[in-house]
Amino acid sequence: MSNLFDLLVAGLATGAIYAIVAVGFTLLWQTSQTINFAQGEFVMLPAFLMLAAMQAGAPFWLAILIGILLSMLLLGLGFKLLLVDPMLRHGVLPLAIATMALAIGIKEAVKQFFSAEASPFPSIVPTGDVSIFGRAVSLQSLGVLTLAILAVIGLTALLNRTSIGHQMQAAAQNPTAARIIGVPVERMILLTFLINAFLVALASLLITPIYLAKFSSGEVLGQAAFIAAIVGGFNQVRGAIAGGLLIGVVDNLAAAYVSTQYRAAVPLILLIVIILFRPQGILGRPEERTV
Amino acid sequence: MTCFPRSLRIALGIIAVAGLIVVPMNFNRYGLFILSQWAVMTIAAMGLNLTLGYAGQVSLAQGAFVGIGAYAAAIMTSQGLPLIAALGVAIVLCFTIGWLLGYPALRVQHHYLAFVTLAFSTLAFLVFRNEDWLTKGIYGISNIPRPNILGFPTNRPLPFYYLCLGSLGIVSLAVWWLIRSPWGRAFVALRENPIRALSLGIDTRRYTLMAFAIGSALGGVAGALYAPLTQYIDPVPFHLSLSLDLLMMVIIGGAGFFFGPFVGAMIAVLLPEWLRFTQGYYLMLYAVAVILLLIYSPTGILGILDRFLAERRTKIASARRAAKSSLEAAP
Chain A
0 MSNLFDLLVA
10 GLATGAIYAI
20 VAVGFTLLWQ
30 TSQTINFAQG
40 EFVMLPAFLM
50 LAAMQAGAPF
60 WLAILIGILL
70 SMLLLGLGFK
80 LLLVDPMLRH
90 GVLPLAIATM
100 ALAIGIKEAV
110 KQFFSAEASP
120 FPSIVPTGDV
130 SIFGRAVSLQ
140 SLGVLTLAIL
150 AVIGLTALLN
160 RTSIGHQMQA
170 AAQNPTAARI
180 IGVPVERMIL
190 LTFLINAFLV
200 ALASLLITPI
210 YLAKFSSGEV
220 LGQAAFIAAI
230 VGGFNQVRGA
240 IAGGLLIGVV
250 DNLAAAYVST
260 QYRAAVPLIL
270 LIVIILFRPQ
280 GILGRPEERT
290 V
Chain B
0 MTCFPRSLRI
10 ALGIIAVAGL
20 IVVPMNFNRY
30 GLFILSQWAV
40 MTIAAMGLNL
50 TLGYAGQVSL
60 AQGAFVGIGA
70 YAAAIMTSQG
80 LPLIAALGVA
90 IVLCFTIGWL
100 LGYPALRVQH
110 HYLAFVTLAF
120 STLAFLVFRN
130 EDWLTKGIYG
140 ISNIPRPNIL
150 GFPTNRPLPF
160 YYLCLGSLGI
170 VSLAVWWLIR
180 SPWGRAFVAL
190 RENPIRALSL
200 GIDTRRYTLM
210 AFAIGSALGG
220 VAGALYAPLT
230 QYIDPVPFHL
240 SLSLDLLMMV
250 IIGGAGFFFG
260 PFVGAMIAVL
270 LPEWLRFTQG
280 YYLMLYAVAV
290 ILLLIYSPTG
300 ILGILDRFLA
310 ERRTKIASAR
320 RAAKSSLEAA
330 P
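Chains A and B supply the protein sequences, listed in that same order. For the first sequence, the residue numbers in numbering that gives the first Met the number 0 are 0 to 290. For the second sequence, the residue numbers in numbering that gives the first Met the number 0 are 0 to 330.
Think of the hints as simulated: they come from the structure by calculation, not from any bench. Cβ coordinates follow ideal geometry from the N, Cα and C atoms, glycine included. Careful, some of the hints might be misleading.
[To be verified] A partial selection of chain A residues facing chain B, derived with a Cβ cut-off under 8 Å:
id, residue
1, A97
2, M99
3, G104
4, S122
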């Protein structure tokens with residue numbers, strides 16, 4: 000029983016990270032029809048930026064700050080201006096393919112300029128255990144979970160409670176109407192790219208201490224976030240959050256109760272079942288298309 | 000490319016085929032391996048082009064079908080069965096799996112096939128890796144024999160290259176015939192406007208499913224050649240990244256163009272080899288090249304050619320019209 004509890008906590012912690020990445024993913028899809036196949040690499044890169052800053056002599060907190068800013072500059076502004084803007088008018092598919100190429104490029108660049116080996120990464124939350132209701136719970140899991148929940152609450156508040164958030168939603172749902180009532184749609188789209196870059200940097204900071212910094216670690220993460228987004232509902236932020244948590248928990252339970260060999264299969268089977276019975280995702284709206 | 004006169008097109012085709020037969024004769028072993036790989040990947044990409052370029056469905060599992068074909072060939076030929084039997088099994092297996100996979104996915108909406116195939120791709124990889132009794136797991140299957148074709152052994156690189164090239168020729172003819180048949184026209188109709196196609200009485204779901212299943216079967220054909228080409232297979236090359244690579248090939252070459260996969264596979268297989276002198280940078284340069292190409296021409300390389308020819312055609316046509324109207328105005 001205590002085993003199950005540990006698994007749930009660990010699952011929610013990784014799930015919360017998946018959720019952050021999946022939320023960024025759905026934001027990009029909603030505001031600019033970008034299916035970002037490089038999202039996993041986007042999570043992998045900031046950790047290396049932070050490591051590079053630390054190697055240059057910056058203390059950990061400054062390295063985190065530099066990492067987040069650089070990530071917003073490169074993966075937010077740069078990604079939008081250099082790749083998405085010139086490609087968007089050509090439709091969804093060429094852009095998706097271009098992000099696949101980008102994923103290869105980022106992976107190879109990290110392998111070449113940093114290291115092909117896995118590097119350890121300092122944890123921002125203290126390691127060790129803490130006793131809750133007489134149970135030992137890993138501090139790291141708790142810290143990750145808390146930070147991720149704070150990020151999600153902050154983002155939801157931004158989207159639903161502030162004027163900027165409402166403008167972003169308007170820009171995503173109906174750009175033409177939003178433009179007519181005076182929403183600066185272009186600026187709002189740029190803002191979602193910056194938010195996505197911030198979220199992936201945060202996810203990078205949270206997950207890298209657990210899985211080490213490695214150039215190839217984005218593949219698994221990107222796929223998990225992608226599945227989380229589909230399972231939860233491609234067109235809803237809260238769907239992505241639910242999907243992320245669900246995939247994290249299912250993944251951890253599968254590792255314990257199914258078999259280590261086929262643990263990766265369980266979320267995929269869940270994905271197929273969801274597509275069969277509830278294609279719009281758990282919390283998603285069905286997409287309606289006009290002829 | 001309807002601008003070229005028919006005779007010129009036939010001549011170009013003959014020159015290309017002759018070049019592919021004659022030029023590699025004094026290639027070394029590695030060069031022949033790369034060219035054979037190009038032929039095999041072209042077959043797989045042609046299958047995906049049917050699904051994507053003609054029926055407008057995104058499949059992220061073509062690499063998995065190549066894997067299924069490769070394992071079918073490796074397992075059967077290692078048991079002493081002929082490659083042609085393995086090829087048949089690979090085709091039937093991939094077609095059936097494609098059908099079963101596409102049937103529920105296409106019940107919903109267009110991009111769900113991409114999601115389902117993405118999941119399938121990883122599931123297939125897990126089966127290749129974990130079912131030791133069948134696939135020998137991570138150790139892989141080695142010493143895969145190469146077949147005898149009409150009594151000729153193809154153990155040496157050159158004969159095997161000709162086997163790959165010949166298979167590519169047969170597949171090309173079959174696909175050429177298919178896209179000109181009523182089926183192929185139905186595929187295009189449902190890519191261009193599915194609702195119109197439906198109202199014209201085309202069973203869109205069945206035809207989309209058919210395009211996907213045939214495309215998957217071609218992935219199986221490519222796999223059945225891949226196994227004897229490398230003579231050793233393990234799960235790694237059939238990871239999701241192969242599916243993504245194949246998708247990239249189709250888009251770079253030009254989705255929906257008959258020769259798109261030829262060009263795309265050439266770039267994806269040969270460009271990294273040519274860039275190898277840059278050592279660690281070659282895949283990075285490849286990625287940048289792909290992105291720049293797609294920014295410049297999202298319809299791929301043949302898209303550039305097509306645009307150029309279309310412009311020339313309108314220029315010629317307008318010049319002809321101008322000449323005609325000036326003639327009429329003159330008297």
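(message) So, against the hints stated earlier in the document, which numbers end up violated here?
(response) Hint 4 contradicted; others consistent.
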